[in-house]
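Enquirer: Chain by chain, the residues run as shown.
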Amino acid sequence: MSIELKLRKNLSEANRMTKSFAANTDKTYTGNFRGEMSLLNPVFVVETTDDLTQYNYCEIAAFNRLYFATIRAVGYKLWEISCNVDVISTYATGIKASEALVRRTGKTGKINYYINDGVFYTEQREVITHHTFKKNGQNATLGTDSYYLLVAGG
Amino acid sequence: MELYKGKYKFDDTFIGSSALDPSYITYSGVNDDYTISSGLQNGELVYWIGQKSGVHRDETYNYVSNTIFEIVRDGNITSFYNSLTTTPQTIISNGEWTVKAKIESGFVVTFSAYKGDTLIINETLILQGFSNWVIITAKDENNHFGAAYAQFQTNGYTNVQPLKSFSGVLNANNIEPPSYVWTSFEGLNGNSGNYQLDLSKIADEAIGDGTPEVTTNDASIFTLPAQAKLRRIGANLQEGVEQTVLWCGDNYATATRRTVEGVGTNIVYLTFKFYYRSEVLAFTSPELVSHYEGGDVVSPETYLGIIYDDEMQVAAVDAITYNPATDTYKYNLATLPAEQQLQQLWVWLQDNGEYHEQGNPYDTGSEDNGGEPGTPRPQDSIGDSPLPTISGLNMGIVTLYHPDDTEVAAISQFLWSDNVLDNFKKYFNNFADNILSLYVLPFTPDSLPTKTFKVGNMTSEITGVEYVTSRYYDIDMGSVEVLPRWDSYLDYSPYTKIEIYLPYLGSHSLDVDEIMSPTKQDGTLPTGQGSRLKLTYRLDILTGVIVAKIFINNELRYQFEGKCGASLPLTGQTYASMVQGIVQAGAGLATTIATGGLTAPLSAAAAVAGTVNATKPSIERVGNISGEASMLCSKIPYITISSPSKPYLDEQEKYTGYPSYKAATLGSFSGFTQVVEAHVEGISCTEEERTLILKWLKEGVII
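The listed protein sequences derive, respectively, from chains W and F. Our numbering numbers the first residue of the first sequence as 1 and each following residue consecutively. Our numbering numbers the first residue of the second sequence as 155 and each following residue consecutively.
Just so you know, the hints here were simulated from the structure itself, not pulled from any lab data. Ideal placement from N, C-alpha and C gives every residue a C-beta, glycine not left out. Heads up, a few of these hints could be off.
[Unchecked claim] Under the rule of at most 20 Å between Cα atoms (straight-line distance), these lysine to aspartate or glutamate pairs were calculated in the EDC-like manner: (1) K135/W x E709/F; (2) K789/F x D145/W; (3) K96/W x E807/F; (4) K800/F x E126/W; (5) K19/W x E843/F; (6) K717/F x D628/F; (7) K852/F x D117/W; (8) K135/W x D628/F; (9) K107/W x E615/F.
[Stated by the list, open to error] Reference listing, derived: stretches of chain F covered by chain W, where coverage requires no fewer than 3 residues with Cβ under 8 Å from a Cβ of chain W: (10) 591-605; (11) 621-632; (12) 833-843.
The whole structure should be built from the sequences, with the hints applied where relevant.
Expert: So this is what it looks like as structure tokens:
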């Protein structure tokens, strides 16, 4: 079975659903299977004089999947490409359509700041403020000091 | 003893097609003023009697060929009642059948139907609220006898009253009814499992022997449980609203209350409907008298009983009536429903027929336990109390003067004048007996009246000295706004702390959560969170005692007590006691300080908010102050707010996101998103990939 292997340079985080790639750097290789091939973790050996050391991602259209690629040189002009399926990007459409109870998110409108799940960091220094009780714009007090004389009768 | 069962049975051609269109028949008898009609109502055959002259329909009637109704007695209810005694009296008889009536108590009358000398049935009815009555007998082609009673008002309007059967029944098929061996059913769950109807105490031996009444002296019957009272079962029922009240496994029964108003006394009825777990209605019980309300008539108490016969696979609802006047329990077994209903109830009871153990009263087995928050509890407004009105300052026994500096000096000169001292020596042994105290308070009342200074009976020449007439004063000590700083959990306990300093009283902690998230604001704040704190001091000017009242959004929430004032010595004796009082007051005046976190171990990872601010110690800012010492402290009340500092994390939404705990499709989220759980079954992938997807989602992905 002849398949096409497209190597790409991924610039995004591994857990990012929609990856971005370096422009104009894709390389495509076509070849035939010589034996059994895993669908989720295929390994290829490619003979080429191209420098594949900068590549870390590949697409295999025949498998309908996207993969993280680990490349190592195994001989003169021989490169071994070990692929691990990137399920998040491969099934991004299906994942986005799935329902979930979300613990954390960056989406405004879906955030509850009143839940403390221990991720907010605070500094060691507290802020301490003092606020007086005011009446008519002035600090409130009980009044001025006065004498009081209690007598019998009177 | 045989019991006849069933109802009046007509030739079917005379049954109306619907409850709204009954077919009418006229009776054949001595009186031409009444009509008897039959029809279906709620699926049951019912019979009415009406006054022909007032009947709104005037169709041509069909006669019943094989059943003859006859009005045998009618007349004024009061006259009829007055003719009765507590001894049964014959009111109708055709030689074979006899109906007797006697007074039970009040307007309660018992009708008894006999075949020969054999009592067939008793029926207790209330003669009240109406003016006329009739007794109707019916006889079928086989000369089976039945009788019924109805009462109504003759006010010219259409009056159609249901017949109340008090005889066995006409058995047109001439089939002897089966006899049952009844056993009382053990118990059902009532009121969401909060009690059980323990029906096992009904003496089985007394059931079914044809003796419809037993006395409490009968050793074969025990006291019925209060939970089985219909009055208790229907205690919380709304009039006319069907509500679930009983359970047997997953089957349940509802009750509906109907109150019939009488003259002075109302009668409360309950109708039970038995449903299977699939919410299919099994059957409806007859309307059972629960109790009376109001008036002078002694109310019977009706208990719900369930009896069954496993061999015959029948069961019946048996409303047991306790008559306190005669101290008897009465079974109403002769009014058994149709055989189909007896069978239906037996089937209803078979569903997991154990009732729940007392130890687990709240587990109904068929409903969720909790999970549905109730409506918010309505709040009660806690207002302030009014000033006390008894002060003792207007009685003439003592006078509290309010002299200024010049007047104090003049009073001192007057007190030490020869004339005054001579008079004091005549009347008193101790000068201090007249001058009770001299002190300074940090408060000056407004608009005091004045008079000439006088002590005891000695009048001075010092005029225009103010004196106090009210002992208690409310002083407005201002307000302060407290608003959240972070609009997040960091504004709440234990991360944010609030303390209040109260002049003359000390320092106290306040509940941050109540201030930051009040249930009601006072309408002056710019945001939905936070509160306005108002402070009022209530001062007893005679003793210097102060109660500080803190209002949160105009609701009284805190009250603290203290003392202000500085005493001035008048004699060596008063000076000594003043010093002693200062020493005693300094020992152990409490201030409320939140300790929170002082004993909690400090975590190495103290940067997390949960640990940092919660474990910071609270600092005592005010020592023990009271009385004289408090006069030397700050006189301005204030609050101290300690809140955390949170660094701003640039693009935190990309790295850690923010707390959410919302459920939606993942496409509606963005940034760093971490799930608690997700439904990814719909994705077309291998199971290994599905596991990987969930793993990534729980660790967090960037959408």
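Enquirer: Out of the numbered hints, which ones does the structure contradict?
Expert: 9
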